[in-house]
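Colleague: Single-letter residue listing:
Protein chains: 2
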Amino acid sequence: MNQPNPVLTATAPHGSDTLARCRDLVTPALRNAVDRLHPDLARLAAYTFGWADGDASPRPDGGAGGGKSIRPALALLSAEAVGGAAEAAVPGAVAVELVHAFSLVHDDIMDGDERRRHRATVWKAFGIGPALLVGDALLALATEVLTRTPDAVAPAASDLLSGMLVDLANGQAEDLAFELRPWTGPEAVTLAEYQRLALLKTGALLGCATGLGALLGGAPAEVVSAMTQFGRQLGVAFQAVDDLLGIWGDPATTGKPVFNDLRARKKTLPVVAALAGSSPAATELAALLGTPHTDERALRRAAALIDAAGGRTFATEHARRYLTGAQQSIDAAAVNLTAAAELRRTVAFIVDRAH
Amino acid sequence: MNQPNPVLTATAPHGSDTLARCRDLVTPALRNAVDRLHPDLARLAAYTFGWADGDASPRPDGGAGGGKSIRPALALLSAEAVGGAAEAAVPGAVAVELVHAFSLVHDDIMDGDERRRHRATVWKAFGIGPALLVGDALLALATEVLTRTPDAVAPAASDLLSGMLVDLANGQAEDLAFELRPWTGPEAVTLAEYQRLALLKTGALLGCATGLGALLGGAPAEVVSAMTQFGRQLGVAFQAVDDLLGIWGDPATTGKPVFNDLRARKKTLPVVAALAGSSPAATELAALLGTPHTDERALRRAAALIDAAGGRTFATEHARRYLTGAQQSIDAAAVNLTAAAELRRTVAFIVDRAH
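Protein chains in written order, with our numbering: chain A, 134 to 488; chain B, 134 to 488.
It should be emphasised that the hints constitute simulated quantities derived from the structure, not laboratory data. Any given hint might turn out to be false.
Pairs of lysine-lysine, DSS-like flavour, derived with a Cα cap of 30 angstroms [stated by the list, open to error]:
#1 A/LYS257 x B/LYS399
#2 B/LYS389 x B/LYS257
#3 B/LYS201 x A/LYS257
#4 A/LYS399 x B/LYS201
#5 A/LYS257 x A/LYS389
#6 A/LYS257 x A/LYS399
#7 A/LYS399 x A/LYS389
#8 A/LYS389 x A/LYS201
#9 B/LYS257 x B/LYS201
Produce the complete structure using the sequences and hints provided.
Modeller: See below:
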């Protein structure tokens, strides 16, 4: 196993500085893309990206409240890690950010979620019809932005994007199917099924970001494939962290209600792992979850039992293991070692947000 | 102006036979694409295409109830008209049919329409969340199918598809904005605005079908462009016919409620044209539409006034004029005259469904 090289990492910028640098590169292109839309759609898109409030007034922070832009950063840093220029990967970065926004807007409709990033979700603020349509429009823009890549790589770029879009839809379908399945018994969701879902739901988009970055950065096919694999592993780590935040995250940080995932009966990793055990806590948890609860007292008890049954530790270690695997994949594929160190440090920063 | 050559058209098959031949070519590829989906999504997709009922039992007619597959036929016939093989255009045909299905499913959610093709709409039968997701999945499949085109034409094919998707979203946004605008006064929808909308909402997808067909049929760029233009003109004719059917269509044929568009306050061509006049009928129509009506008696009166004010004749002539223009574009671009005659006859058949 490769340990981070302290000489290189000492000179690499901090994760949040890297994300800010990438955001500065991508935001103008993202705004250009959104300018292609009907004014009514552009207004909703500006809200979606946190550039404006519901009344269309610009937000004072100029949009930093719109999320950390992790996926575009992964595309740009992946291009640099394979020896290319970040600028070459901007269309890929914009495309994955547009797809990410599309999927959040549509998923919030499907899940009935009313809060995201400390604000009303798009459907809650503007209605289901307009939210549905702006999601469609963002997806359309993603496919259009990607046509601005050189003809030599455009077919491969479209392959990456379209395969990811199918994975994403299939992942969301499986996620919705999971909600209807029981917590225990022969019909319960297994760890293997959870893992497949994490690869579709989160790994696909992150793998597309890193794969597109490598492709547009000029990497040969086998390196693109390795960098795609790196993104998928990172996605699994990322999803485990998201699952942890969905139960134990501070609403002041996550911008979502406390115990949101438990209330929605999401089969997240900490719960699936806890229920796979046979400790008294696991038994009590299974009994508690046997009937649906929405009161905070029962959800708090469930969270404590998941922790006691080892689910929290399992998910934390799962995230760390996949993060390490992802970082090793970078080392195996990268040719620009300084850029690779910055990428490795950034993914650690992203995953560590849970701790 | 070129008149249809009777020697050629006498040997060309009837429009419905041509549509059936094209459907036979496209359906297996369409089913293959849908097989890529999660079983829950594949079930909804089968309902969408009319292959199965709500309980997933196959329909006795094997799916002929799912629409006439006009867009795939336009792609295949356009490939033949430029001298290529219909088979080469199958990925384009499948892509446009998937996009068409996606847009119907999502538009029905936005418009709140409960009936289509004599059945419950997808959202009405399965719920908004599942309908939203299967729409997304169909769109994802459309982008994926198009990656199966040869690398030499794949970038141009993606350009056509993605530009059309943005047009479609912008058109739907404008359509929704039209519903909120008044029938008369300075804020009323003009004929020029109606025309722009028809090009976005209907012309874009038909132009993509014919353009993709020509591209995959091996045509050079200027012929692809001319064939795209042909599809757009046809789309304008098609939309005018759709508008006529939305008011005077027989529910037994359209599968939608009578006066559906008037009830939804759609600014369709017959109404916009009628209100542009100054006859007593136009004045009475403006007064009647000034307050929203949903009772059939008032809607029937409105339809009669639209007719008396010349809106029905105007839309019928508009459709004929654009159909003629479209047919002339075929003649200017086509190299296979037998195929061109079949295409010309088929588009006349499609547009004539209103009469």
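Colleague: Each of the hints needs a verdict: does it hold here or not?
Modeller: So, going through the hints one by one against the coordinates:
Only pairs whose Cα atoms come within 30 angstroms are accepted, and A/LYS257 paired with B/LYS399 is accepted, the gap being roughly 25 angstroms. With a CA separation close to 14 angstroms, the supplied pair B/LYS389 and B/LYS257 stays within the 30 angstroms bound. For the hint linking B/LYS201 to A/LYS257, the alpha-carbon distance of about 37 angstroms lies beyond 30 angstroms, and the restraint is violated. Taken as a hint, the A/LYS399 and B/LYS201 pair is broken in the structure, with Cα atoms around 41 angstroms apart against an allowance of 30 angstroms.
Simply put, A/LYS257 and A/LYS389 have alpha-carbon atoms about 14 angstroms apart, close enough for the 30 angstroms limit, and the pair holds. Straight-line distance between C-alpha atoms of A/LYS257 and A/LYS399 comes to about 21 angstroms, which keeps the hinted pair within the 30 angstroms bound. Annotation: proposed proximity of A/LYS399 to A/LYS389 holds, straight-line Cα distance about 15 angstroms (limit 30 angstroms). Between A/LYS389 and A/LYS201, the direct Cα distance comes to roughly 16 angstroms. Compliance with the 30 angstroms bound is thereby established for this hinted pair.
Our distance criterion of 30 angstroms between C-alpha atoms is met by B/LYS257 and B/LYS201, whose separation comes to about 22 angstroms.
Of the numbered hints listed earlier, those contradicted by the structure are 3 and 4.
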